[in-house]
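Trainee: As a plain string of letters, each chain reads:
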Amino acid sequence: MPNAALKGQQKPAEERTPILAVENLHTWFEVRRMGFLKAGDVRALDGVTFELYEGEALSIVGESGCGKSTLAKTILGLHHPTKGKIYFQGTDVTQLDKEQTKQYRAKVGYIQQDPYGALPPFMTVERILREPMLINGITDKDEQKRRIRQVLEEVKLAPIEDFLPKFPHMLSGGQQQRLVIARAMILEPKLLVADEPVSMLDASVRVEILQLLRKIQYDHNLAIIYITHDLSTVRYFSERIFSMYGAKIIEKASTKALLKNPLHPYTKALFEATSDPDAENLKTFKEVPAGEPPSLMNPPSGCRFHPRCSKMIPGLCDREIPPEFQVTDDQFAACWLYRES
Amino acid sequence: MKSDIILDVRDLKLHFRTRKGPVQAVDGVTFQLKRGQTLAVVGESGCGKTSLVKAILRLLPRNIETFTGEVFFNGVDVMKYNDERFRKEIRWTKMAMVPQASMNSLNPVIRIEDQIAEPLFLHEPGISREKAMQRVAEVFKVVGLPLDFLQRYPFELSGGMRQRATIAMALVTNPELVVLDEPSSALDLLTQANLMNVLKKIKHEYGTTFILITHDIGTASELADEIAVMYAGEMVEQCSAEYFYTDARHPYSRKLMASVPTLREDKELQFIPGQPPSLINPPTGCRFADRCEQRFGKCSEHPPVTELEHRQQVQCWLYVNGKGEVKHA
Chain A
1 MPNAALKGQQ
11 KPAEERTPIL
21 AVENLHTWFE
31 VRRMGFLKAG
41 DVRALDGVTF
51 ELYEGEALSI
61 VGESGCGKST
71 LAKTILGLHH
81 PTKGKIYFQG
91 TDVTQLDKEQ
101 TKQYRAKVGY
111 IQQDPYGALP
121 PFMTVERILR
131 EPMLINGITD
141 KDEQKRRIRQ
151 VLEEVKLAPI
161 EDFLPKFPHM
171 LSGGQQQRLV
181 IARAMILEPK
191 LLVADEPVSM
201 LDASVRVEIL
211 QLLRKIQYDH
221 NLAIIYITHD
231 LSTVRYFSER
241 IFSMYGAKII
251 EKASTKALLK
261 NPLHPYTKAL
271 FEATSDPDAE
281 NLKTFKEVPA
291 GEPPSLMNPP
301 SGCRFHPRCS
311 KMIPGLCDRE
321 IPPEFQVTDD
331 QFAACWLYRE
341 S
Chain B
1 MKSDIILDVR
11 DLKLHFRTRK
21 GPVQAVDGVT
31 FQLKRGQTLA
41 VVGESGCGKT
51 SLVKAILRLL
61 PRNIETFTGE
71 VFFNGVDVMK
81 YNDERFRKEI
91 RWTKMAMVPQ
101 ASMNSLNPVI
111 RIEDQIAEPL
121 FLHEPGISRE
131 KAMQRVAEVF
141 KVVGLPLDFL
151 QRYPFELSGG
161 MRQRATIAMA
171 LVTNPELVVL
181 DEPSSALDLL
191 TQANLMNVLK
201 KIKHEYGTTF
211 ILITHDIGTA
221 SELADEIAVM
231 YAGEMVEQCS
241 AEYFYTDARH
251 PYSRKLMASV
261 PTLREDKELQ
271 FIPGQPPSLI
281 NPPTGCRFAD
291 RCEQRFGKCS
301 EHPPVTELEH
311 RQQVQCWLYV
321 NGKGEVKHA
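If you read the sequences in order, they're chains A and B.
Quick note on numbering: this note's numbering labels position 188 of the first sequence as 188, and the sequence is numbered without any gaps.
Quick note on numbering: this note's numbering labels position 283 of the second sequence as 283, and the sequence is numbered without any gaps.
Note that these hints are calculated values from the structure, not bench results.
Treat the hints with care, since some could be wrong.
To be verified - Per label pair, the in silico range of CB-to-CB distance:
{"id": "1", "chain 1": "A", "residue 1": "Lys85", "chain 2": "B", "residue 2": "Lys267", "range": "38 to 46 Å"}
{"id": "2", "chain 1": "A", "residue 1": "Leu316", "chain 2": "B", "residue 2": "Leu147", "range": "17 to 25 Å"}
{"id": "3", "chain 1": "A", "residue 1": "Arg146", "chain 2": "B", "residue 2": "Glu309", "range": "52 to 60 Å"}
{"id": "4", "chain 1": "B", "residue 1": "Leu147", "chain 2": "A", "residue 2": "Pro307", "range": "35 to 43 Å"}
{"id": "5", "chain 1": "A", "residue 1": "Asp92", "chain 2": "B", "residue 2": "Ser240", "range": "55 to 63 Å"}
To be verified - Covered, in the sense of this in silico footprint (three residues per stretch, anywhere, with C-beta under 8 Å from a C-beta of chain A), are these stretches of chain B:
{"id": "6", "stretch": "28 to 35"}
{"id": "7", "stretch": "55 to 64"}
{"id": "8", "stretch": "145 to 158"}
{"id": "9", "stretch": "195 to 204"}
{"id": "10", "stretch": "223 to 234"}
What the hints assert, rightly or not - Straight line, CA to CA, 20 Å or less: simulated DMTMM-like cross-link-like pairs of lysine to aspartate or glutamate:
{"id": "11", "chain 1": "B", "residue 1": "Lys200", "chain 2": "A", "residue 2": "Glu280"}
{"id": "12", "chain 1": "A", "residue 1": "Lys268", "chain 2": "B", "residue 2": "Glu265"}
{"id": "13", "chain 1": "A", "residue 1": "Lys190", "chain 2": "A", "residue 2": "Asp230"}
{"id": "14", "chain 1": "A", "residue 1": "Lys283", "chain 2": "B", "residue 2": "Glu242"}
Using N, Cα and C, we set each Cβ at its ideal position, and we do this for glycine too.
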């Protein structure tokens, strides 16, 4: 397994091949009045561009309604994009026919937020793990057994024989989430999309699942997109962080750079609002931007954060949409404050 | 002059009857809470946090097997009150609660102001509507909601606003003690920070005593003066917040702290292997022993509570006979 490259000595970005390239992606949902009159569009994803490299873990942070789950589901092919392209290993996956889509989906694993909701309650563990193989034409019984054994070992659901006949309700939350990970891994994907994989779990189990995912990622040289609202877990998980607000990516940075110095005022606010356990917190109030996230049907003109931003530049931020400015080697921000850099 | 200790709970037990046997959800919990302070009760799901406060407020289901112990509220043992007297004199007039996910249980067809006023009409019979609405407007301001939202229906409010409305409902009767069960876990990060600011303000300005139930120690640190750690129905550690985050003593509390990811500090995260014991027939000795790296022979017996320096109370054999010294490393 080519995991040596991942333990701290990654190749520079230019030499690596992107496994996934997303170009100017838009996913809009039509809103109807009285069932047939078009009332407008919810712009859940409005112009997102990025590249993801082989074996890279990428975190996407943002609050509910910022479009992060829509991004995940559009990449997985669960939503059809309104505009834009998604290239997976060089092929545009938005233009595939039915059979090709099936093949694409076998290469992309999905880890859902609520493990119990994601597991069919009437299927045993064995059946749940066999299902993706049946759908994708792996019918050889020995091969099926080998793969089931391998993924269960990997997610540490042992002894394996005890777990095979169990139903999801007989497992604890952490075990359920391991099973979801095992199911995502059974077709040996190249990319995993994990949508808030630990938000429903207890703190002590959370770390265990994140470390497990990290290990699987190293062992298989997997690319992972980790979607979360919790900034404090990303440090332990990813190489790069994107921060999303109002259906757009507003900051792209390496984890190290972002945690040291978040650039975009919104990322700063998220950073400020996260509390670490510290007795000093009792004495101070947090600075929180006023207001609510914007409506995605009628997003504000210019920068979508400008109505809540304390550093708003009148005449600029409220008129022009900020492009992405490169501020340092590994940090980009879509904010007019950095227009000189 | 009322005494300094607002709540004094001694050996509180709450066992539920189930087909498989009694579930010992709260098993011999003892703690004290000072007026104006906030106690954060932390622990994994299913450790009995919510059952503990429901037992204190006597919001109980029907399948009760055992409900014993003493709860002194302002020096009076309210466990001796019958249900009707408790309802009239204590619940919501002196102690109120914001249950978990209560922001989703507002009645969708009743205006916000009428819902917030309801406890007033129940607990202060004969209060005029005018006066009640005046009081509602007051608490609305306290929780930081604009007054023109009074006339609206719950669906017109955002999640953070609805959560504030339920807190207003708990505050409207001017209780001395408010229990908040996971008040911010369903909210977004910025909304959560906002809510903690509001609670902090209420605490400073009105001297309200809070019990905050949460599994998020980071958020708890915004409000808590004292931290109580629960494990498998027992309170295994109670400690001032000043020392807890850096110097927790019980092996479980230490593991719990080591599993909390931090944003500003890079530390090696740990997890706690294994699972908490079943609360039906839990082990007779220390309930954490199976998962504890520091267990020794003594741990098969039930550990007593030892008070260490800084009034830190720990239920663990490691600290017995040691006067705050760690006996076994």
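Trainee: Determine which of the earlier numbered hints do not hold for this structure and return their numbers in increasing order.
Mentor: Checked against the structure, the hints that fail are numbers 2, 4, 6, 7, 8 and 13, while the rest are satisfied.
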